[in-house]
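Student: Residue numbers (the numbering used here), protein chains in the order written: chain A, 1 to 76; chain B, 77 to 241.
Derived by calculation from the structure, the hints in this document are not laboratory data. Backbone N, C-alpha and C fix where the C-beta goes; we use that ideal spot for every residue, glycine too. Careful: at least some of the hints might be erroneous.
With a straight-line Cα cutoff of 30 Å, these simulated DSS-like cross-link-like pairs (lysine-lysine) come out [stated by the list, open to error]:
1. K44/A with K83/B
2. K29/A with K239/B
3. K170/B with K29/A
4. K44/A with K239/B
5. K239/B with K13/A
6. K29/A with K83/B
7. K13/A with K180/B
8. K154/B with K82/B
9. K13/A with K152/B
10. K180/B with K44/A
11. K44/A with K185/B
12. K180/B with K4/A
13. K29/A with K180/B
14. K44/A with K152/B
The calculated label-pair distances, taken between Cβ atoms and stated as ranges, are [stated by the list, open to error]:
15. A120/B with A42/A: 40 to 50 Å
16. V7/A with L118/B: 53 to 63 Å
17. L206/B with L5/A: 43 to 53 Å
18. T134/B with I63/A: 32 to 42 Å
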Amino acid sequence: MQGKLRVRNNIRKLRFFAGEMTQQELAEKAGVSRQTIIAMEADKYSPSLELAFRIALAFGVSITEVFECETTGANT
Amino acid sequence: MSYQEKKTITSLVSGLVLMVAYAVNAWLRYRAGTAPAADLTLWAGLMLRYIGLGIIVTILVQILFHILLSVGVAVKAKIRDADCDDKGIERSIKQEMVEDERDKLIQLKSLRSGFIMAGMGFFFALISLLLGHPPVVMLNIMFFSFYAGSLLEGLAQLYYYRKGL
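Take these sequences, add in the hints, and give me the full structure.
Tutor: Structure, rendered in structure tokens:
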């Protein structure tokens, strides 16, 4: 049986290292609403692959630096 | 509160007002005897009038809501930055009203709740016929279930916006 996959992100940390980029600025760069950025930071929304790439591009880093996944439960 | 939440609440309130207006109107007509249960043509006409009224009210309320929201955003932008020009204000309004993939996903998920409610209404309408109630009861159950479905859709949207997907 597959374990449960949980996608986490480092958006808050990356915003800080990008000169304390605001949620609104990131939202504008990624073409989404500020509420979507807030939901992602609170782990309440997992973005589509396209949006994930757009966020990574906004920070100028690779997608794996923005998103990471952790599995819970054993993979059998 | 986000733009989408405000828009949903506006739709919910206008939908609720229309549903109550129909219920009161239908009940008063039925009690006064001007809308007998057997006269299905009259009931169909009444429902169609409310559907038309619903469309007009929804359009007007949404126009009014967007005007007020735009004014609010413009005032906020001016307070934040007194030198903000028209283009800056226009940009702020566009940013406020942006609709993205999360909004579309929430709409789809809540639409499912609305369809379930409408489907249940159809089911109960058929049951009412089986129990020997007049066809007008069936018609009204179906009509109310569509309204209730649209209200549930709005409530589900608010839930997903608050609690997350």
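Student: Are the hints correct? Go through all of them and say.
Tutor: A quick look at each hint next to the structure:
1. K44/A with K83/B: Distance of about 21 Å is within 30 Å: holds.
2. K29/A with K239/B: Status holds; Cα separation ~25 Å.
3. K170/B with K29/A: With Cα atoms ~14 Å apart, K170/B and K29/A stay inside 30 Å; holds.
4. K44/A with K239/B: 8 Å, holds
5. K239/B with K13/A: 23 Å, holds
6. K29/A with K83/B: 24 Å, holds
7. K13/A with K180/B: Given that 30 Å is the threshold and the Cα spacing comes to 27 Å, the pair holds.
8. K154/B with K82/B: 22 Å, holds
9. K13/A with K152/B: Holds. K13/A to K152/B sits at ~29 Å (cutoff 30 Å).
10. K180/B with K44/A: Within the cut-off at roughly 16 Å; holds.
11. K44/A with K185/B: 15 Å, holds
12. K180/B with K4/A: The hint holds at about 25 Å.
13. K29/A with K180/B: Since the Cα atoms of K29/A and K180/B sit roughly 19 Å apart, the hinted pair holds (cutoff 30 Å).
14. K44/A with K152/B: The hint holds at about 28 Å.
15. A120/B with A42/A: 40 to 50 Å: Once the Cβ atoms are compared, 48 Å apart, the range 40 to 50 Å for A42/A and A120/B holds.
16. V7/A with L118/B: 53 to 63 Å: 57 Å, holds
17. L206/B with L5/A: 43 to 53 Å: This hint holds: roughly 47 Å between Cβ atoms.
18. T134/B with I63/A: 32 to 42 Å: 41 Å, holds
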